[in-house]
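Undergrad: Fit chain to chain and form the complex, with the hints in mind.
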Amino acid sequence: MSTNNILEVENVSIAFGGLKAVNGASLTVERGTITSVIGPNGAGKTTLFNLVSGSLTADSGSIKLDGTSIEKLKPHQIAHLGLIRTFQGAKIIKRLSVLENIVLAGQNNPGEKLWRIMTPKVRRDYEEAAKEKAYGLLKEVGLESLSDSFAGILSGGQRKLLDLSRCLMADPKIMLLDEPFAGVNPALVERLLTVLNTIRAKHSLSFLLVEHDLETVMNISDKVVVMAQGQVIASGLPGSIYDNDVVVDAYLGSRKRNS
Amino acid sequence: MEAFLQPGFWVFVLVMAGIYCIFALGLQVQYGLGGMMNFGHVGMMALSAYSVAILVITYGWNLYLAAFAGVVVAAFGGALLGLTTIRLRGDYFAIVSIAFSEIVRYVIQNSDNFTGGTRGSLAIPSKTGAFTSYTKTFEPVLTKVQDLLSPILGDVVNRDFAMLLIVWIVAGLLLLFVSRTQMTSWARVLRATREDDHVPSALGKNVFMFRLQALIFGSVIAGIAGVFWSLQFSILAPEDFQTIVTFYAWMILIMGGATRVKGVPVGALFFGFLYAGTRFFEFPPFTWFSSSERAYLRVIIIGLVLIILMIKRPQGVFGKREEMVLEQ
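Residue numbers (this note's numbering), protein chains in the order written: chain Y, 1 to 259; chain G, 1 to 328.
Bound-form chain G, shown alone (with noise of 0.2 Å):
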């Protein structure tokens, strides 16, 4: 319960809904845009968090020059994805998707001499052959905002802090651009392909390049928020990818209401406070059950509040209900 009343818990919690909001902003624009049920958005972020790490251990680059790379690589692999199944169709799509990213997954998995494997990225080999961590040229510039803050904000600040304004800056700038974009006659044409492929192509465009483009900008921004992933963690491990960070994102959207760009902070925030803040039930019925047990209750409760969200309000906090329930 302690913890509960610590401000550098929540700081915390605020960081991770950050990195969340920008991870769920890039399938806010392949599914609540485009309508592409992509469920291996997590493969994009590992990719991308694996690149940063080994390009810096290994090859030694530069980690800023490694964060774009990193990014590069993620869009490489919506490409990926893209050319080789986006002509799948929804459900399809929906199951090539899963198998990407937990290929992805088990790739880095069992690559022992370029990944870590199992072990994480503690393991990557690096080129001098002592340990280094890929993050050490960016916690100066996280201690240079703690020091700049600390006088005007006192003990609150913490490497968390700083971390906590980086990734919000970006997230916010990043909502403001895809905002624009998604006012754009670009955004039109994917939202009309997201109800139906043959009329906007017998209009005259290329679905197909519309979806392409969607699916990797997209890719680009869940490989930003691996870039951050991997700066707020220092560790990586393979099993940080798993499937169901891509359905946390997925709950981000169905809590914010898919359409609508400003849902995502909004389901990030909620989707963060429920998934820490329900770690501290800590009065019956909840102490009824071990704490062990309790972890899983947590998840049952986001199920639920889920379905009551999905009865009561299908298109979210922000989304319009017609343009969810129109069916006719």
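Excised from the complex, chain Y in its bound form (with noise of 0.2 Å):
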């Protein structure tokens, strides 16, 4: 049964000083499924997620991805083996063009080698092939035409379709969006679903997604995790999340009441 689950979060715990940030949380996320992590601001999901992706290491429990235990390996590795993380607010690299922010996620890449400069040809092949799928990548997202672009010129929202892109040419084997759609307008939420949704279809990926509001991921999840002070206190299908006492009383309370 495990062999289904791409990511296996397994009651682990962090503290920063007296504060249990996350505090023996698990949870799993099914191979080509979305899973989206909610709660209120301090649940401990960003910090979740950074103990998922390597940024922080965790103080007890377990964590596997495909069957391989990632919870003592650094970023980098990690993102070695397939899973690929965004940050809040897009973080792009303003000082390189839109395609290079995508071309530098490629991976295996011979020419980030020093010695490669010695081997024109190799790192010429590759970054010809790279720069190719990455403006395909590009026109997926309809970013194609600011290839050549510096991507600090880009706006908020198609930083978000940048960054999204940039996770894609990684061939991840799981994507973690943190606040995908944090800050951005109703349009462009639908849009961005659609692309997630296409980028699911078209690339078989699994997700994990952190996001403040239940509203916004209940289409498109397949399974909801609430967190709230650090632990995963309910999940389950998106529509089981609203009838969930517990969920209710800490979390969606006020409002679900109200309506």
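Not one of these hints is a red herring.
Keeping only pairs whose Cα atoms sit at most 27 Å apart, straight-line, the calculated DSSO-like set for lysine-lysine is: (1) K91/Y x K72/Y; (2) K94/Y x K262/G; (3) K94/Y x K312/G; (4) K113/Y x K262/G; (5) K262/G x K121/Y; (6) K131/Y x K262/G.
Derived, one-sided and incomplete: chain G residues facing chain Y with beta-carbon distance under 10 Å: (7) A202; (8) Q213; (9) F217.
Calculated from the structure, these hints are not laboratory results.
Think of the CB as a built atom: it goes at the ideal place given N, C-alpha and C, for glycine as much as any other residue.
TA: This is how it looks when you write it as structure tokens:
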């Protein structure tokens, strides 16, 4: 049964001083599905993300990516294994061109080894193929006309799209998206959702999302995990979350009752 | 004023500009490409220059072997600095790197029996006990170059002129090589790390290794500059390698445009002429000051030029403005 899970987080905890930011949280992401983690500010969602992606090391617990333990690995090693994440607010490299932002994400690029200066052909072949692929990905999100501009001139929405294409360039098994819909206008949310669905269908990917708001991820999520105060308080199908008393009390409470 | 008109003087200025060009090129790799605020760059030049002198004088090594070893020592210096401090961010790295170069200088200054201490390389204990110059085997090379060139170019050709040729040929080759490396994906990752650690590492890049490589690469180039420094002066002293020398390289980078390799030689020439040329302000208002006071004026003028440049053209002569000021 575990073979069907691309990501298994089991009982992980981390404390900053006295504060238990994540306290024994567990979740799984099934292959080819979208799992969303929701919860109020300070619930430990982003900390959990940082633990999974290796930016932080858990005090205890285990994290398995496609059957491999990753809880002790560094971020770049985890990325090599096929887990690619985004950051809140779409961190792009402002002083690289839009296209280069994407090419940067290519894996096993021989040109990234300094000694490869001696083998220009190997470098050039990879680079040409990578640029072509990157351009294709840009086209998918409609940014191809901006490919040579510095990424710093992009608008907030365009940055989110660039961020998504950049993740795809790395050919990930699973993508972790940290608040992909935060600060985005409703029209663009629609667009992002469409893009996400297309990506998911086309690249047969798994996703783990962190979001504030249940409504936004309701329609695309296969599973929703609710966090509060560092703990997973509920998980299940999006619909079932509304009916869960613990969740209603801890998080959805007032809104649910008012409606 | 007479020296101002002497070609020999300008040849010397050009030699120094060439050495500074190589030196600043190393910093370009570290800062312009990798965004590392290395304020201890001169330490690597000192390590290499002194290694050459010590290996030849004390241990009787062949000069060329010693030169190679000098560059290797500088590379190890870069690795040592990197392995211990590279995880520090921006300003903190800058502070520690300054300390590194000062440690190098103080160790040199206080190891009398090894480096000659404050008396400089003349006091390095020699194997035979007799005074030896470590550049002895290099002088015939310079003489040969002079002999080849003087029939064609006439009186201009002297020791410095031969040196000028050698230094700038090496500088040219290095500039070419470094600009090649900056068109690779290796350089792209470094450009990304210049802005942010998290994104490149989330994309599978080992940021630490890339920074370390850039730091060592730059240190090797500083080591080459150190070899030429030692060959040009034949005598070394600890005070040649004060922190201000690092900042000359920074001036060159800022003037030329830190993100572009081709800015380095332009900045170096600009710096060379500014630095040497301002010695000869033999007209009012400069003549109101005594010559020793004018030496300070020179530094003030360089500072003013830098300030004006930072306001009017923060990207330097060749940099792309967007690449410098793009912040939102």
